[in-house]
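Whenever a hint applies, use it, and build me the whole structure from the sequences.
Protein sequence lines correspond, in order, to chains A and C.
The first sequence begins at 1 in UniProt numbering and counts up one residue at a time.
The second sequence begins at 1 in UniProt numbering and counts up one residue at a time.
In short, the hints are calculated from the structure, not lab data.
We put the CB at the ideal spot given by N, CA and C, even for glycine.
Heads up, a few of these hints could be off.
[As the list claims (entries may be wrong)] Residues from chain C that keep clear of chain A, each with C-beta distances beyond 10 Å, as calculated:
hint, residue
1, Glu124
2, Glu132
3, Leu139
4, Ala142
5, Ala216
[Said to hold, decoys possible] To give a feel for the contact side, a few chain C residues facing chain A, derived at Cβ under 10 Å:
hint, residue
6, Gly95
7, Phe98
8, Gly179
9, Gly183
10, Val184
11, Thr185
12, Leu201
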Amino acid sequence: MRITATFASFTTAAAIGLASITTPAYARDDAPYITLASTTSTQNSGLFDAIIPLFTAASGIDVHVVAVGTGQAFEIARRGDADSLLVHDTAGEQGFVADGYASERADVMYNDFVLIGPADDPAGIADAETAAAAFAAIAEIEAPFASRGDDSGTNRAELRLWDAAGITPEGEWYRELGSGMGATLNTAAGMDAYVMSDRATWVAFDNRQHLDLLFEGDPALFNQYGSLVLSASKYPHLKHDLARQWHDWLLSDDGQQAIADFRVKGQQLFFPNAKPDARTSTAE
Amino acid sequence: MPQHDSALATALALILERDPTLLGIVGLSLQVSLSAVMIAALVALPLGAALALWRFPGRGVLVVALNALMGLPPVVAGLAVYLLLSRAGPLGELGLLFTPGAMVVAQVMLVVPIIAALTRQQVEELHHEYHEQLRSLGLSRARMIPTLLWDARVGLLTVVLAGFGRASAEVGAVMIVGGNIDGVTRVMTTAIVLETSKGNLPLALGLGIVLLGLVALVNAAAHLLGETARRRLG
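Below, the structure written as structure tokens:
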């Protein structure tokens, strides 16, 4: 009898546990929501914490952000697991539209990449003319360089710069970490390595140790973010109406203003640059 | 959340200020891991006991496989559950991905092998000791399972706690299938990863101390429960 009672109470407890998991009490999903696949840079800087409440207040729609590298964000969207996509790899985004996964892409905002390194700057990149020249100087003395190595938007941009410098980065000095931006900065700080970061993550980053911003301002370091509307015909189960409202809000005056108003330590980190007429779209 | 230079001060402030964000994260961590452990125990305790009592061809392989699965990397379990629950996967229709339910499923996968393998070992030893008596009582093997589980309950409590430790400590699985969504699927371990990647190390370590305290509380509660039961039932 005792045993049966134990198992009965076990079952009841498990049932209660499951029920509480499936009830919307603590998940805020009694309100309508969309799932947004986006990048670590937008989340780590705190941008979403600042702008999503404004969108939710205006629309009643909550946004569940899954922040991953751009490569993984594309994969999540390709499998139909996200309603919307906000990433920073313009070439990849255009390919996503061309391949029929997304029906529309639009510029939302930009910031820039910056080159970070040990404050004493052994490669002297602070005086470099261009970002490619700075990369060449690092490779020249084989100073430690921490690469994301995770197929993220930042990683893809970094590899394009090595290409522009005519260098195939390899050897013990070039360390592919396979990590997010913040984790890569932590590691770079630990081994006094050079590293390329998006400005937003760098400004919001607290564990700098000896690292300093050494090089910035080359147009090649421009970092464009785009919002994608996923294909309604390919993914009929997604919340297209709600995702469309989010996409339109990002491009609206209100959304653009919210992005411009976001500050960390007094610095503006993202610069809105939506041009409604510049949207690329394909017929559904 | 509070910001201090030292992790200990941060941990203290986190507890004293009863920050609502933190309480939500702590509540979700407990809910997910406790649910996972309860479901896993319901499956794995009888499974482990059955494996201890029955002899059949391939049993050795099954035992070794179960023991090996105790070392299943959480990220692999997470990936498997992700592919299962993804829209493009076989159970995509359920719409469970990026919800606490998906996190429970992934943790169940991690905890079942631990509880089943350790239960098998404990029940097997007990059965070795008592099987003459049990047989003289005329119990069938199926009837022996609840009896042996009940007799082994003190040891099995530790087994279940080991499962809870595994569930509450892992980050690889819940990160993939939960997505670390603020206010929805963010638990203690994924919050620690996030704060670490922001370079906010004192807060990350402070959260770690809070998590450790939480696990200690659950263990203390289980210990008291075990002691009370032992005293009352002799």
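Results of checking the hints against the structure:
1. Glu124: 19 Å, holds
2. Glu132: 21 Å, holds
3. Leu139: 13 Å, holds
4. Ala142: 13 Å, holds
5. Ala216: Label holds. Min Cβ-Cβ 21 Å, cutoff 10 Å.
6. Gly95: Given a least distance of 8 Å, the restraint on glycine 95 of chain C holds.
7. Phe98: 6 Å, holds
8. Gly179: OK, holds: glycine 179 of chain C within 10 Å of chain A, min 4 Å.
9. Gly183: Cβ of glycine 183 of chain C sits 6 Å from chain A, so the hint holds.
10. Val184: 5 Å, holds
11. Thr185: It holds, given that the least Cβ distance between threonine 185 of chain C and chain A is near 8 Å, below 10 Å.
12. Leu201: Constraint on leucine 201 of chain C satisfied, holds at 5 Å.
Going through the hint list in order, the structure satisfies each hint without exception.
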